[in-house]
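Here the protein sequences come in this chain order: D and B. Going letter by letter, the first sequence gives residues 10 to 352 in the numbering used here. Going letter by letter, the second sequence gives residues 10 to 352 in the numbering used here.
Don't read these hints as lab results, they were simulated from the structure. Keep in mind that this is a model prediction, so the values were computed, not measured. Check each hint, because a few of them may be wrong.
Said to hold, decoys possible - Pairs of lysine-lysine residues, derived as BS3-like cross-links and limited to a Cα-Cα distance of at most 25 Å, are as follows: (1) D:K32 x B:K181; (2) B:K37 x D:K181; (3) B:K181 x D:K181; (4) D:K37 x B:K182; (5) D:K282 x B:K37; (6) B:K95 x B:K150; (7) D:K182 x B:K182; (8) D:K286 x B:K32; (9) B:K181 x D:K30.
Protein chains: 2
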Amino acid sequence: MWKIAIIGFGNVSQGFLRILKDKQASLKERYNFEYSITAIADPIKGSVLNTSGLDLEFLLNMFDSKGNIKEHPNITDPDSLEIIEKSEADIIVETTITNLETGEPGLSHIKAALKFGKHVVSTNKGPVSVALPELLELASKNNVEYLFEGVVLSGTPSINLVREALAGCDIKKVMGIVNGTTNYILTRMEEGTSYEDALKKAQELGYAEADPTGDVEGWDAAVKAQVLANVIMGEQMKIEDVQRTGITKITQKDIQEAAQRRARIKLIAEVEKTNGKAKASVAPMEIPLSHPLANIMDATNALTFTTDHLGDVTIVGPGAGRVETGQALLTDILTIHRRHCRK
Amino acid sequence: MWKIAIIGFGNVSQGFLRILKDKQASLKERYNFEYSITAIADPIKGSVLNTSGLDLEFLLNMFDSKGNIKEHPNITDPDSLEIIEKSEADIIVETTITNLETGEPGLSHIKAALKFGKHVVSTNKGPVSVALPELLELASKNNVEYLFEGVVLSGTPSINLVREALAGCDIKKVMGIVNGTTNYILTRMEEGTSYEDALKKAQELGYAEADPTGDVEGWDAAVKAQVLANVIMGEQMKIEDVQRTGITKITQKDIQEAAQRRARIKLIAEVEKTNGKAKASVAPMEIPLSHPLANIMDATNALTFTTDHLGDVTIVGPGAGRVETGQALLTDILTIHRRHCRK
């Protein structure tokens with residue numbers, strides 16, 4: 010029985026808890042995986058603690074009807090660091106908001122959890138971008154895992170694909186479409202929509218935020234390139250080391266000219282190692298229609314790994330969404346279960 | 010230190026042994042994986058046995074210059090069952106020729122190895138198709154693994170993708186291009202080549218055999234559909250349960266008409282579970298150009314998994330080749346190493 014505490018009760022955690030509830034029987038049957046949720050910490054929606062395990066159905070019903078869990082009988086003081094300690098959890102699920110400058114508040118949560126000898130699974134890009142080497146060392150020193158599959162393509166296998174299914178291959182290059190919002194905008198532009206109208210549409214659909222800078226200037230893709238370089242190629246890059254160009258200067262004319270050359274413009278994140286030196290970049294690129302990445306449309310994401318034993322291997326799937334990112338947390342937890350199961 | 014014995018010394022084993030030799034240092038550094046090859050059994054190329062470990066470089070050089078290893082100082086009697094027993098190997102690599110009717114000789118090799126408590130990794134479709142439930146039970150009873158990633162897409166992750174990276178997802182449907190030869194022929198036909206000429210070209214390139222029935226009548230794809238149904242969906246299908254239509258009746262006209270509808274004809278293997286009942290088939294299908302599978306050309310393979318948490322996830326990569334299939338053996342062995350490592 011794994012005890013799990015949830016830090017940050019936003020969309021991703023909610024998606025994750027719904028999966029856990031719906032799949033309780035199947036996870037036991039297929040993987041012999043059993044869990045109890047002992048705490049949820051969120052300064053706005055409410056924090057609850059019960060080391061004997063919370064009733065998930067009751068809790069999610071309360072959340073659905075009230076939009077918060079402040080009237081839960083197990084309500085507790087909203088100090089997340091204290092909750093991490095008191096939760097008795099073996100695994101901390103860290104899903105607080107991303108801050109690419111400080112990594113906070115996730116960074117403090119993750120450090121505290123690892124120091125207490127707790128495994129951490131997280132979808133928070135901030136701490137991975139700001140402090141990966143330190144966090145991995147801390148995890149290793151405490152013989153626990155720090156896993157973050159969800160930061161690259163949500164639940165679509167990326168880091169785990171390389172670590173397990175492609176084990177033994179050398180990855181020479183990774184290139185891909187890792188930001189759904191910009192790919193959605195470029196897809197609409199190919200149909201004749203202007204950049205401004207396509208962006209507006211993406212905002213209406215909730216793909217792009219009111220301030221779209223993070224997506225359209227390539228910051229989100231740049232973090233993912235940084236993470237891929239550091240995790241898959243063992244680099245120690247900072248976000249500033251990623252050369253970055255967004256899509257704001259792409260015009261209808263560029264797109265139509267590419268089409269005439271049987272190609273499409275895509276915002277491509279690329280990490281390549283040549284002569285032992287890695288380079289990471291994000292930029293709009295003209296991709297020939299014969300390349301698998303050219304045919305990735307709308308908000309779908311994809312990564313092509315160039316390997317020594319297999320040549321190119323491409324994975325295509327969603328790159329965001331609450332259930333999709335919840336799946337990333339689940340697969341990371343099942344990895345911990347496989348590696349550390351106390352039989 | 011894992012002791013490994015190789016049964017069947019064809020292209021795949023050769024590819025695998027070259028990878029092992031070239032990556033010895035990197036496998037130790039990255040995965041703490043160490044090995045020695047204690048036996049190779051092949052009735053034609055020669056059988057050698059040395060429980061202290063064979064010198065791989067010496068052996069491969071001898072094979073390169075002579076085309077066999079019959080003059081090796083450790084030459085032994087070519088009785089593979091005896092070699093499996095005497096090899097002291099922890100892991101048996103079974104790569105003998107596929108027989109879809111009897112599964113032999115692989116079936117006897119695998120049964121013997123599992124009974125002796127040895128792990129088995131194999132690229133042999135015969136035993137998986139003929140006797141999967143029995144072999145899995147035997148493996149489980151002896152607390153060893155029977156892994157066969159290579160039978161579906163060579164080293165491109167398929168079974169391992171679902172088992173580990175997609176763990177927690179329910180797979181509702183799998184559809185894909187799992188035979189490179191027929192996809193190569195269909196690609197050439199789209200360029201205007203007749204079926205007969207395209208087949209001849211595939212034979213010249215070594216994709217198709219002199220008797221191309223296994224590929225063009227869909228048998229090879231049908232085994233893969235059967236394996237996917239049985240492994241991923243827990244079915245107990247036989248090869249006869251797979252509805253099977255080949256590509257021999259596809260004409261230029263069919264292909265041009267599909268193109269006019271912005272689609273391509275692909276030989277699609279499909280496994281679907283509806284209302285708890287699974288159905289497997291192989292047939293030429295018209296795939297709209299917007300679908301990721303439509304853009305898989307030449308000998309490349311691909312599988313689209315329809316999942317509950319992620320919607321469609323597609324993997325694209327090679328489906329054959331000696332190094333590519335050798336990689337499948339390596340990744341399976343590294344899985345055994347992760348799960349059973351005696352620290």
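For which of the previously enumerated hints does the structure constitute a violation, in increasing order of number? 3, 7
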